[in-house]
Amino acid sequence: MQIPQNRLRNFSIVAHIDHGKTTLSDRLLELTHTIEARQMTSQVLDSMDLEKEKGITIKARAVRLEYTADDGLVYGLNLIDTPGHVDFSYEVSRSLQACEGAILVVDAAQGIEAQTLANVHLALREGLTIIPVLNKIDLPSAQPDVVIEELESVLAIPREEVILASAKEGTGVPEILEAIVARVPPPRGSPDAPLRALVFDSHYDPYKGVVCHIRLEEGTLNDHDVIRLMASGAETELLELGVFRPQLVPVKTLQAGEVGYVATGLKNVREAQVGDTVTTVARPAAEPFPGYQAAKSLVFAGLYPVAGPDYPLLRDALEKLHLNDASFTFEPESSVALGFGFRCGFLGLLHMEIVQERLEREFDLDLIASAPSVEYRINLTGNREQMVVDNPARFPDVGEIDSIEEPWVNLGVVTPDRYIGSLMELTTNRRGTFLTMEYLDPQRVLMHFELPLAELIVDYYDQLKTRTQGYASMEYEEAGYRAANLVKLDVLVNNEPVDALSLIVHRDRAQTTGRALTTQLRKLIPRQMFEVPIQAAIGSHVVARETLAAMRKNVLAKCYGGDITRKRKLLEKQKEGKQRMKRVGSVEIPQEAFLAILRMDEG
Amino acid sequence: MEDPRRRQREDPRLTVGEARPDPDPRPPVALYLHVPFCVSLCPYCDFVVVAGAAARGPAARIGAFLEALRAELGLRADALDARFGGPSSGSRPALASVYFGGGTPSLLPAGDVARLLSMVGARFGLARDAEVTLEANPGVDERGDAGALAGAGVNRLSLGAQSMDEALLRRLGRRHAPADVAAAVGEARAGGIGSVSVDLLYDVPGQSLEAWDATLRDALALGVDHVSAYALTLDDPDAEGLTGPLGDHLPTRAGARRWRAAAVREQDEDVAAAQYRLAVKRLGAAGYRGYEISNWAGPGHESRHNLAYWRRLPHEAVGPGAHAFDGAVRRWNAARLDGYLAALSGSPPVLPPGGSESLDAAGAAAEAAILGLRLDRGLALAEASGPDSPLAPHLDWALGAGLLEAFDGPDGGPRLRLTTDGRLLSNELFARLV
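For the protein sequence lines, the chains are U and E, in the order given.
Quick note on numbering: the numbering used here labels position 325 of the first sequence as 325, and the sequence is numbered without any gaps.
Quick note on numbering: the numbering used here labels position 83 of the second sequence as 1083, and the sequence is numbered without any gaps.
Chain U extracted, bound-state conformation (with noise of 0.2 Å):
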């Protein structure tokens, strides 16, 4: 049914995780009758079962809701769902770019967190009308009158603006509704100039190639057109062109301000990213949309599949997950400890998490993945080309190294002020810097760090959740290079290089965190038949040492008529153990041993 431009209203929801977007999205998608209440499975839009458990949306979905209003007239409304992570603040911005309109949902119980204020942000200099809801307000523990004086100080929303709802019993949710109507402009871009539609997601399909979801600014889009995606400068005659209900439905024609999708028989999504422009061949707009940034690896990691003969296997993975997220990137790189595997960049932490665990659970993958590393600036002596390195084994020798430059990001944290010292000194003791800070109600602090991306990402966020029982929330942005001293921290085995096992480390502490590598190693080798000795060293310099005693004892002490059929099998169980080691030098390792100390890194 076409609707005229004037009735359409587009909208995303921004929430703090668990604040309740998706419970909120399943009741408007109930109410006006785009699904019925016994289909839903709870939680419609989160598809990935993946979201479903972790609690977060990762890809920006959208759904065309049909809208009987109180004034008789049916609108459409198109919601689009945003990732609720900061790893993805980029994806957020694109889906906000798509929309007039934003429903913020604080947690009534909960107040304001880092992330809902930077959404806000991301939101209001999109220029959009905010529908500020207060949800949950049906909990005991709900304090709506905190939380709205909490709203209108730090945000300046007007009290009397905040709709009072409760996702989960359905309460102050038709007000919702009107409210979109009402508040939320409609679109104005002309049907009749040449298209500018904003690519806010894509996704891939086996049958239709990339299928770009997207918003069209300007013009109009025909299902027989031909279209450019101006930052990619991939054309293609489009397969298919429709709108989300929340299922894909074909349509023949999308006008200005309409939500809908293009399948593009595109083979790569690379070609179609999220923020790029799609136009038509045939009458091509004249500028692309502002603001274009192709995805940015801010994490790299190697992933290695702990079963050397699955390779192969990793590697088509890896290329159908990529079909579908083009935000994360990788390559081949073998390492001596682990075998053969990719160096993969991510946007963030969480993303890396959720690759490998994507990896792990739809392609039935072991993995092992090396400590996280960040994207490193080197400065070689004798005035060379400055070096960038993402992998502390391809790091040059300390001797040509001039000065290393390190990324910075600009830390937001919003905690209880009872945290405020613990905070100070986690972030202090991880070379971050305080800033400022700001009450947002007479509990609850927003307080702003710099710190180096590479301490962000070792377990920051844990520490930050430990200490504060949960309570602290966070969001950050990229803050630049700057200068440190840093140092190549190796791990040797028997005098031995452990490439997998190397750090970047900034040089106060590299003897202590070389002492706990080193002391780690110790316990998880097994003794060998000869003294090894087990160090840290930058260079030449030994940090740390720790030595494993040779093997005193490994026999079978009862081999009766009984026992011989069990104990050659336990026999083959340790050659086939042998098999799976790893060999440094002459020094067998188990591969669990470094699975253990790769994962005490991410602990």
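It is possible that some hints are incorrect.
Claimed, not checked - Facing chain U, from chain E, some residues (calculated, C-beta under 10 Å):
(1) L1168
(2) Y1230
(3) D1270
(4) R1289
(5) Y1291
(6) Y1309
(7) R1374
Claimed, not checked - Coverage of chain U stretches by chain E, computed from C-beta distances (three or more under 8 Å per stretch; other residues unrestricted):
(8) 541-553
(9) 559-565
Since the hints were derived computationally from the structure, they do not count as laboratory data.
Quick caveat, the model's predicted, so the values are computed rather than measured.
Virtual Cβ for every residue (Gly too), placed ideally from N, Cα, C.
Keeping the supplied structure of chain U fixed, place chain E upon it in accordance with the hints.
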């Protein structure tokens, strides 16, 4: 008068020749009978054992078990008759060894042992000088009547002493005290048992090197003929997949599992190695020959039965969880007593459930090399370095690493054996052979 402990010449069938990787089925030279009853269970033990009411008292199942065991003996004998001819046909050797293992076979009344041995003699043939071993626990209520057992034909007693340390015996869940071991040895001697062995455990949680030294000293003071010293081994038969319906082990009980998990954490590789070296030293000094990794014997008191295993000689076996070997195929009965009794008490009785495996030539050769190297006589260098020997590719490494040494055999031919270091680290070599 001849010292009864001093044996006649070793049976040539058991002591001559190398361990054979020969795949042709051959008739057995030894018989194992498994008696799965104990008064109580020890938490470290994973032998096939039932305890409590099944072992003693009005509900005891020993009577039913003996019936089933006799039925199985009959069926196994029928099969051998069909395959190789009867025991007096000339194509089947009389058994050189019979071994009652358990469990606690000393719980069997001596009269039942006598009846079993008489049936064995009739159906399998039993050499006049055969070794007849019975395992016994030292406790007053479980060691049985040595004189009556000797009268029944038992001439070797293997006592599960485990330790001569009161506190360690309790930790191990044993029912007896150190004094019971001495009493049991004394009764065995008085009853006319010709050869007495004790089992001892080291690497027991809480056992110091000094405590182990004291146990060795006290055991040696008893003047036994044979000592088996085992490192306490806490493997996990469930994890090894041995405890299914047809498996040769019973599932580990929860209590035992907890006990083992705690004990494993207390075991110490360095202490265990020192304890083994001490055993080598003390037992050697006392005149015992360490003829196998875990076994020491006074002159002529080597266990002929166990030598049959290490030489890969064919042996028959009956009872739940028992393993037999015919030179080509290893066969075992399932461990569960119910299934065992059900099969053998039917009419007609049928063979109990179980499993088998046959080794390929390479597997058999590896097994022969491993078993051969467990013995102090080791392997002939010519065979060990031959083109088909699984050991050949690893010889240089093992000699270089000090695991193996060359020596001259009794006939002057060069041979190879494990050094003491090599015994302690023997799995490092053996794992390369399988």
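Inset, instruction - Hints the structure violates: just list their numbers, smallest first. - result: 1, 4 and 5
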